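Line order of the protein sequences matches chains X and H.
Position 144 of the first sequence, counted from 1, bears residue number 144 in our numbering, the numbering being contiguous throughout.
Position 69 of the second sequence, counted from 1, bears residue number 69 in our numbering, the numbering being contiguous throughout.
Since the hints were made in silico from the structure, they are not lab data.
Computed from a predicted model, the values in this text were never measured in an experiment.
We put the beta carbon where it would ideally sit given N, CA and C, even for glycine.
Some hints could be false.
What the hints assert, rightly or not - List of simulated lysine to aspartate or glutamate pairs, DMTMM-like, C-alpha gap at most 20 angstroms:
#: 1; chain 1: H; residue 1: LYS74; chain 2: X; residue 2: GLU108
#: 2; chain 1: X; residue 1: LYS130; chain 2: X; residue 2: ASP109
#: 3; chain 1: H; residue 1: LYS74; chain 2: X; residue 2: ASP109
#: 4; chain 1: X; residue 1: LYS269; chain 2: X; residue 2: ASP258
As the list claims (entries may be wrong) - Going by beta-carbon spacing under 10 angstroms, a handful of chain X positions derived as facing chain H:
#: 5; residue: LEU2
#: 6; residue: TYR97
#: 7; residue: SER100
#: 8; residue: HIS112
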Amino acid sequence: MLFKTHGDKQLKIAIASGKGGTGKTFVATNLYSVLQQNQVSSILIDCDAEEPNDHFFFKSISKTDKEVQVNIPVISAESCIFCDKCYEYCHYNAIFYLPSLQQIHVMEDLCHSCGACSVACEHNAITEKKKTIGTVTTYLLSGNYKLIESRVNIGVYSPVPVITSAIKEAEQQGIIILDAPPGTSCPFIHTVNNADYVVLVAEPTPFGLSDLQKTIAVLHILEKPFGIVINKSDIGTLAMSDFIQKENYDLLLSIPFDRSVASFYSEGKIMAEREEKWKEIFENLIDKIIETACK
Amino acid sequence: MKIAITSVGNSLSSNIDERFGRCAFFVIYDTDTKSVEFIPNHAKDAEGGAGTAAVQLIASQQVAKVVSGQFGVKVKPLLDSLKIQMISIKGSHSVQEIINMVEER
């Protein structure tokens, strides 16, 4: 088995999908379970900061929380000479600027903490304050395994700083599984951009295919190698498998729909811990991932 | 007094645009001079902050009222602080119909 010998080198594998609800967490938690069962040095990071749920699947011994803070600019209207520069530098329309009424202030909800306005200001009118936007929680599991969870506070515009803090928390050797957020926007991009290889979990419906194609387009731009897992492979249409075959993409695994699997999963349990058959399925998957990722 | 009306096109027969921050055009109508000006909304496709940008645009035109369909949650406190009255209109009306309503009041 490849993955047993690979455990000492670092390999970051992101489990992603365009569409939500295709089975990212199902695949991520089962993969992490087989790595644990085989005593492979590894860690699981839940990067779905808007609704992290990996912790439901593992019993933790203890947990530690770390707050994630970002810098938010504060503009002093007294020191400001209304030169336009910070307003022009801001890509996110986060500076409310009305020179005719001598009004200038930061729209905190829109601010991405990029710091461009502070660079732009030549009149020392901008200072920065800290704002807490989320938490990185490290759950200690049995056998010294860890689950790191990113969780963004409600109403925060972008969870990206929380996700990148969670990934940074795991600077260690071994296999790192990143359970990515759905979609193809910034949270997804920042997760997969940190990965060496991406596993796309897709369901074979027209909607699922459309989102898969969008996700692949992003991965091409990022130049990330990837393989595909078709979940609920016997529902929907054949268009997805035709597409994968035509484009010659790596199909890593097809998982047929099984109501008992869905029901077991909904109780926060892991198939690879219940049945030898599922343990083997995910052991083969991780082997195939390593084989494809390292070729 | 100046009034802003959000519009889907740049003529008086155009319907009002129901989205404030992401409307196609702002119509600036002056009740004293009866002049009408159409200003394209450059922020309509902004990734975020379209509402903030729209408030800046109409406030710099010194309008006292704004007519649109819906106003976003970030926009309301800004317009309140600038003492610009929000008028929310349901259904499809042309810009001309809105101007007539304003004049009849």
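These are the hints, each one checked on the structure:
no. : hint                : result
1   : H:LYS74 x X:GLU108  : 10 angstroms, holds
2   : X:LYS130 x X:ASP109 : 14 angstroms, holds
3   : H:LYS74 x X:ASP109  : 9 angstroms, holds
4   : X:LYS269 x X:ASP258 : 15 angstroms, holds
5   : LEU2                : 42 angstroms, violated
6   : TYR97               : 6 angstroms, holds
7   : SER100              : 6 angstroms, holds
8   : HIS112              : 9 angstroms, holds
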